[in-house]
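Peer 1: As a plain string of letters, each chain reads:
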Amino acid sequence: MAHKKKNRNVGIIGIGQTKHSSHREDVNQPELIHEAISLALKDANLTMNDIDCVVHGNMELFEMVHQPDLWHVLGTGAYGKDCIRITTGGTVGATIACASDNLVASGMYDIVMAIGFEKLQEGHTTGGITNMADPLWFRKIQAGALTGSSAYDVEKEFGLERADRASLTYRIIMDKHAGLNPNAHRSFGLDFGQIDDLIRTSPRLVGNLKLIEMCSQSDGACCVIFACEKKAKDLAQTPVWIRDHITVHKEESFTIFGYDRKYPVLKTHKFAAEQLFKRNDIKNPLDYFDVFEMYDPASWWAIDWLRDFFALKGDEHLKLIEDKEIMIGGKMPINPSGGVIGSNPIGATALLRVAEAALQVRGNAGPHQIPTPVKHALASGFGGTMWTVMTMLEKELNW
Amino acid sequence: MGKRMAICAVAQIKNDAEYWHLRFQNMLLGCFESIMEQTKVTFDMEKGIRNIITCSDDLFDARTISDNGITDVVGAHFRGEEKMAQESINGLGYAMASILSGHDDVILFMGHCKESQGESRRMISNLAYDPFYSRPLGMDYHNVDALQARAYMEKSKVTDEHLAKIVVRSRQNAKKNPYARENKLVNEQEVLNSPMYADPLRELHIYPVTDWAYGMLLCCEDRVQEFTKKPVWVTGYGSCMDRYFLGDKDLASNFSLNNASKRAYEKAGIKDPKKDIQVFELSDHAAYQLPMWAEGVGIADEGKGGKWIDDGGMDKFNVNLSGGQLNGNPLLLGGAARAMECYYQLSGQAGDRQVKGAKRAVAQAATGGAGQHQAVIVMEA
Amino acid sequence: MAEYWGVKVEDIFNSMQERFRPEGAKDLDTVFGYDIKDEGKWKLTVKDNKIKIEKTDDLSGSVATMQADGETFVGVNTGNVDATNAFMGGKVKVEGDMAAFGKTGKLFRKFVIAQKEMTTKDYLADMFATIVPRFKVSEAAGLDASFAFDLGGPDGGKWTVFIKDNVCTVTATIEGKPTVTLEFNDAKDYVDFILGKIDSQSLMAGGKAGAKGDLNMMASKWPVLFEKYKDPLAGNVPQQELIVLKKTIGLNEKFSTGPIMGKFLKGLKEKKIYANKCPQCGRMQLPPREVCADCRVRVNEIVEVGPKGEVRYMDIVYYAMPDPLTGAVRDTPYGGINVLMDGCKGNETLPHFIRKDQIEKIQMGWNEKKGTRVRPVWEENRIGDIWDIKYFEIDE
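Protein chains in written order, with the numbering used here: chain A, 1 to 399; chain B, 400 to 780; chain C, 781 to 1176.
Source of the hints: derived by calculation from the structure; they are not laboratory data.
Warning: the hint list may mix true and false statements.
[As the list claims (entries may be wrong)] Only some residues are given here: those of chain B computed to face chain A with a beta carbon under 10 Å:
no., residue
1, K482
2, L526
3, L650
4, F654
5, K666
[What the hints assert, rightly or not] Coverage of chain C stretches by chain B, computed from C-beta distances (three or more under 8 Å per stretch; other residues unrestricted):
no., segment
6, 1036–1049
7, 1071–1082
All C-beta atoms, glycine included, are put in the ideal place defined by N, C-alpha and C.
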């Protein structure tokens, strides 16, 4: 049976997030979460009494807290509520959005609150990521989420100079977007005139992956409130509807580096996008969507993935970047929020993509709001060994 | 879509003290193959499994994203996969939501834990407490359970002798369960002489370290005939979170379990659990929890747990015929083990433990110390 | 030399000797350079648990040189500029050995801005000296008024502020007939009043202060005519102490290897590299896995491959990466390679490390071009661990 229509529609009616920062020693974990929750409740004009179920997610080995939802109840407000905890690595924020959608659509709960959280300063992030590898084998070799392989791919196809400049152009656009987002962690005030200088001077992390091109490590939390159609219409002026979502995982194996064109490696982003758009009858996603909040952990990955998500051919993806069509005001604005390169509290990061996309649809994102109307928004999550979660948001219930 | 979710097939390996010769990938693989064999289900994007729900734990596996190492052995390569990072019973609740929402028709639900892998499970549950106050005090699930045991036993007149009775019965029942951990039978005197572990809990009062893996195929009502002739239905789920600091709550209270069972019964249309339900599987991490959770799900009167045992309540209500958590399941997978026993009972496959004419069953499980988070599912034949 | 936040660039360098932490210089024998735009160059020599800092134009011999402008340099050292932001944004650059330069972070105690005391006299001088710069001409259109201040006590004095034709002037006397005169018995109360430590009501009520003339002019007009006075010491208030609990958490584990990974690790012990081959698609897996993820079938056939092969990809890692199993920081740069072992095809590569001194010589291969041939270098005492292969080296 093909993908069916939902049991009932689900809308986002409340959004809250903390300011993302590397300096949140002033709050502990539940207190940080509480900031996001208070903002989301205020945004939705609700109290905790209105919430039926709380969905909690993060990556527990970053802070080394086992079953953190138990302690975090001090900040989540889940006392006396149904409460579940679902995790999937870096995609976890997107997963709890999907889970909340399912929980509400099922009819089991009317209003569900999703909480994504991380305090990366409380542990060692790259060490924590490396811990995901097999202890008998790749854990001894892996370097966290750092690899120069995407840079190598792009360079190999388009030449070093064009590749480098595209990566830095993307990076600077994200920095400019982050500069408009008061919650963004890092905004350096970069300008396009600095491209050559940054290519030359930004320290290399791995291969041609430069420090400036990699995401930050942030403390932050995000909270999104989901409601069934009836309650969403009653409670919110502009509910943002969840149309569909898809999750695609990949085997645990990094032995994909062979560069043999006779054996192309199937990519999860590409597969997920194809499946999602096919079952929703989206012929040309680049035309259909008005904004895309993409989980972009590094600018090299980002420029490569644009091609996968939008089924672009040849150098169309590079042209989008070079022509600055991905900027606010362009044809396909990517990450008006500044993206993951701007802020990365990992457990919250993928939920922030959904939240920021929803803010754009609502039209009240703030200084980084896209000037033209946003009817259709896309959000992606990334994690694990190249895992994908995609979420489609709509302004109207007319699909 | 409907209002209920079918369990089409289950598979498990035997609960064991230590699968020293296997990785958890190997443990899961046998379960995966059995489900494929029993149901002939495929991974077709239209008609097959598009989503897998797993249950495992980063700290017990000692790896970030514990579900990352099992993508291939649960068939999740280029399919969806989501990890229940809580007691496995909530995986069934979440799977039910995924299916009733219409998002998925068929879900594979798998879980694993090698509790024997780490040097100390207490070090792990100690990490569930905040780093500033409770953790340095040395709190872990066992000694927090012990504090609750003392408070509850006072309240409900449960004695050391009652706990001995529970342990003896658990091991006798487990002997009839081919998948149960193999523990030696004990008599009441041996339990009463068992060394004190965390007063009032003795060593034999606490479930032993166990390795286990399981799989289940779950499906929407419309398509159940494709996979089985004898489905068992999940008709209700509810959970509830209690307070964190022990000083903030009445330790002897069943606040969270009362709420969780009330919510599950309401969804399943259960009015009187004593009459409507024939089988109860309760996650007794420690012996005192059996009567306490029995009060919580409404088959023993509040504050009367001791008398309930004396009156033969455990056998009258068919509680933990599998041997229960007490005989040995990994900490976070007890709920799946409970549900699996309910499945066997309701589908008439429980062998020597079979309850004749069992129509409805309840599985319960807790996450955290002193049952901070509770969840209940109702199942029907 | 310019001052930033009351600190000169040379203050930072001049205090280095005093801020030096010998424990941070253990085993260091090196030279660092600092090139501060428009300010000059400094050379820091670290040797035998001692440092030497000198201002010089000759930075030769430095393993790494930091470049920044004076404001950024002072800002980073005084905590007024976020160091990461400055670095990432290109305002601070390091030429040379970045990792080595990182060690300067442990050489010195934090620079602390000397806590200046300000007397009532200092404050009064500052307050009236900043009157003209704080004057908002836009609020003074058509205004012709004078505000007199008669402040008593040992530190007191008299001032008049004139506003006429959109111009503000200050004299240190009281002249003519002021529009309004403010009188304080003790000048210190005036300072506290302006700093917000005491309110006007309690001053007036206590008879400590009074006013003559057009009171409304002082109460309503004065506050809009001038920007609020800023306490030059306000930035110097000690920050609230935030207690942070530091812990290293370790859990002892024993990882079973199982029949598939076990065979692979046992093979290494015997200097053999084993892959396993999918019975359906024929894919070779390195290291072997329980199943073929593509076909969802158990993979039992074990096949010996290599031990030599061709480098298909190499990551040169510069980032100082901690080994999560030991906590030790890996020595950088190192080369993580993916080797297409003889007997494998396509992307069926094995990840490992290349001999450190050969990183520069490695050629990555693809369809048209063969990569560098490499062979494993085996550990003498092998235990069935991936480090039984010490690393790969070029097979010449």
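Peer 1: Please write out, lowest number first, the hints stated earlier that are contradicted by the structure.
Peer 2: Structure breaks hint 3 only.
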